[in-house]
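Undergrad: These protein sequence lines are chains G and D, in that order. So for the first sequence, UniProt numbering puts the first residue at 1; every next one is plus one. So for the second sequence, UniProt numbering puts the first residue at 1; every next one is plus one.
Among the hints, a few may not be true.
Since the list gives no way to pick one copy over another, a pair counts as held whenever it fits inside one copy or between any two copies.
Taking lysine to any residue and the SDA-like style, the derived pairs with C-alpha atoms no more than 20 Å apart in a straight line are [claimed, not checked]: (1) K148 to L310; (2) K148 to R454; (3) K148 to P207; (4) K148 to D124.
Keep in mind the hints are simulated off the structure, nothing from the lab.
Number of protein chains: 2
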Amino acid sequence: MRAATSAGSVSQDPADLTAARADRSGWPSPAPPAVVVRAVGVDDVRAVLRLAHEYRVPVVPRGAGTGLAGGAVAGPGELVLSLERMNRIRELSPADMIAVVEPGVRAAELDQAAAAHGLRYAPDPASHDISTLGGNIATNAGGLRCAKYGVTREAVLGLDVVLPGGELLRTGRRTVKGVTGYDLTALLVGSEGTLGVVVAAALRLQPIPPGQPATVAAYFRDAHAAAAAAGAVLAAGVTPALLELLDARFLAALDAWRGTDLRARGQALLLAQTDGSGAEADADRLAAAIREHATVVEISTDPASADELLAARRLALPAIERLGRPLIEDVAVPRSRLAEMVEAIARIGERHNVVVATLAHAADGNLHPIFVVDPAEAAGAGAGAGQGGAELGGAALDPGAPQVPEAVWRAADEVFTTALEMGGTLTGEHGVGLLKRRWVAAELGDGSVDLQRRLRAVFDPRGILNRGKVLPDPAAITDITDATSIADTAGVVNGAAPEGAAATADTAAAPGAAAV
Amino acid sequence: MRAATSAGSVSQDPADLTAARADRSGWPSPAPPAVVVRAVGVDDVRAVLRLAHEYRVPVVPRGAGTGLAGGAVAGPGELVLSLERMNRIRELSPADMIAVVEPGVRAAELDQAAAAHGLRYAPDPASHDISTLGGNIATNAGGLRCAKYGVTREAVLGLDVVLPGGELLRTGRRTVKGVTGYDLTALLVGSEGTLGVVVAAALRLQPIPPGQPATVAAYFRDAHAAAAAAGAVLAAGVTPALLELLDARFLAALDAWRGTDLRARGQALLLAQTDGSGAEADADRLAAAIREHATVVEISTDPASADELLAARRLALPAIERLGRPLIEDVAVPRSRLAEMVEAIARIGERHNVVVATLAHAADGNLHPIFVVDPAEAAGAGAGAGQGGAELGGAALDPGAPQVPEAVWRAADEVFTTALEMGGTLTGEHGVGLLKRRWVAAELGDGSVDLQRRLRAVFDPRGILNRGKVLPDPAAITDITDATSIADTAGVVNGAAPEGAAATADTAAAPGAAAV
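Okay, chain G solo, but in the shape it has when bound (with noise of 0.2 Å):
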């Protein structure tokens, strides 16, 4: 290993490690992981999969460690292998409108070597500024104009991906259309780093809409109205090119921080954008189909009025973190279910007597209640979190933060159950992880859970990529039972470190809020 990820570093710094138990779900693993390899090339990824396959040592692929489902966070005995150093772009093709990225590029950074030649890279998630593309790739994130341009896989044509054992396969091309075999590229856009590495990816660019957005900020008298404002937008034929949903708690934490008074115009609001040529016609026409729902209609095709509108989105999350630490969660409903499971959120929330704040990327169905923790209470909690859910407990953000009550798991299970029997989906774009395995197979089912193992087992037969990650009961889907030990994965990758490279002590943990 030596040679090979001599252009690489390992560190076993104490901090680096700690940094690799959490994510941004408020799920970190118990104790830190073993140790830290940061890739800077595609040798340096088949080195460690060659010898982690070779010597059965567990690898948790970790990009900026901005998920929200606990899918990057590392355990005891497992090696982290950082995607964070392969940052290049390594080609923007305005003629073929495609870029080659690494995946420690972030989306936002593309967008914006996009846009020196008017081109866009379109899936745009809230974390745009903090999350990799590889993370993005992995959960095959969505994002907020994703109903009108498509979410992360709609953007990915091509892969290149390494193997455990080393190998390097190329998936898909760089052409916008190809059928020759199976679609693998797809299969592992939201593989959530249990098939194999993304080194590379070749991802599709769009044009830039001509022309200003034309915004639209309507309030209602409640959360239930602007859903159904929602449904009628799209029943009107208009396809928004952003469509969010804000739920009163957001309004009046955003009124308590800034001093505004939005709640004097409605208790929800409905934050539409449309684009293109016919922005302004079909404000219009959207603003028509929702405005005997609707208690104020505001429109804007000026940039920086559409900026003030925009800003309550912008800040709804800062504005909750106000309120105590946000658990973020993340379920899709079909689309004519969304005023009811707006309600139902925040039913579950009264029942359980804890603080639920919903907001919706309404055109999807996709709905992210955020449950927030007081610190108080958060401080005082977590005697029994440890205890019964051996799944469901745990700290958050950082592994020294406090613990969720146990009150808040068990209104995020009967969301999600709730969103299951509506015909709707754990997650609609931060995965699995390690949080949501429990439901998994009530939703897929249990034949299903089982092709899919058999399907990773082609990917990683010593199952050593991100193991109990998405799939429920991880002993099933390999032998494990002789993998590396703890000490051993240590000195394995100890034995190979390249001289000056442990000292290496900044965060895989990226700055900034956490973002949906």
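Dock chain D against chain G, hints included.
TA: Showing chain D alone in chain G's frame:
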């Protein structure tokens, strides 16, 4: 099987068996299959696949038989499982903007049913009147408007699939977004009937864009200039709903047939449509972007005259068919290489002295070189066809048609190779089937082919489903040496044929012209 398929029908009528030898690829099987079973419900499909798995009977799933790559042709000893009678739209939900369909529904039927609610099914393969949605899903079919609105994969939210052995697998969901587990839906889309048999699909519908589309017809001095203009359209930031290129051969065929004088305006035609509220503004931008390249530019926003402009595209294939039998090819290249590929195809045709006309979905870089086999020439050829090229020789459309000259196959071979050299793909939207197996490894690499074989074995461990299709060297997929013999296949099914079922004689091949 008697009980389980009591509602279906089993046929050994020679007309049925003969029809199942061919599709529209020019690649019939050497002899008829053993039997055709027409399923009318999921239980029929489960019963057939349970028995077929048990007795190792090879099964060829088949819809309308309109495929262009031999993916649904059936040969000796094979059981044809026809899904054409499973043709109900089970549900159409305007509120959820989805439809749930059986595989035998035609895309155009669904599109029409959705139109009653202001919605549409976006993927519009040119075959949408005659091909089934099951076939569209099997090949991940594209279409004229897919550059803006997505290919079939983007429209498929979930599938019900029967696996070999008879198990029913549900993939995906009714929600627009969802990332729980691996994307089996996307893996199955485009798998050409080799992983499972689709018995139902939840499909996304989209609003019909408001207003009238605007149509632009532009003529150019040659196809190279037209292709360059297509690039200029995209570079100008316009995303047309349709952008079709026709070369001089097509214009000549249209003029000869219809008495028009298109070639007085230019030697190549680019047809574009913009849609939505900004259709006219976008058409103006588009026209401005291409004007310097063009000899003539015509714009229309009036439905009747737009229809007139689009007639050239609609009638292109019928016009070519008057010259001889068309063999429709399908490659895609990175967008920047479109003009180069158009030229390469023409040169290859000249070099091999074969007639080739090219049309292209120009916004996607997806080209359809159409080789025209002159009836006289075709009748006289074919002596060598069955000899040198077991892979390439063969007749077309119906099994009795004259063989394709070797020169055509040699030219096709060069077209495929050239597309791959340009970083393109063997097939943009028609699939690999039998026709392109020999080039698959050149595109995907041996490692990927091997991985795909192992994935296939997870779904179909005995290799009974559409064996020999898509991946090269079927023998490597699974050991089929102990498969039921040809005589046995007929015997197994024959013994179970319900009374009166064998007399059904309608053909599985759809009427109407081939379409791209």
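Undergrad: Now, for every hint given, state plainly whether the structure supports it.
TA: Going through the hints against the structure:
Proximity of K148 and L310 under a CA criterion of 20 Å is satisfied intra-copy only: 18 Å inside one chain copy versus 27 Å between copies. In this homomeric assembly, K148 and R454 never come within 20 Å of each other (Cα to Cα): the closest approach is 34 Å inside a single copy and 36 Å across copies. Taking CA atoms no more than 20 Å apart as the test, K148 paired with P207 passes in both settings, with 13 Å inside one copy and 11 Å between copies. Taking CA atoms no more than 20 Å apart as the test, K148 paired with D124 passes in both settings, with 12 Å inside one copy and 19 Å between copies.
The structure is inconsistent with hint 2 alone, although it conforms to all the rest.
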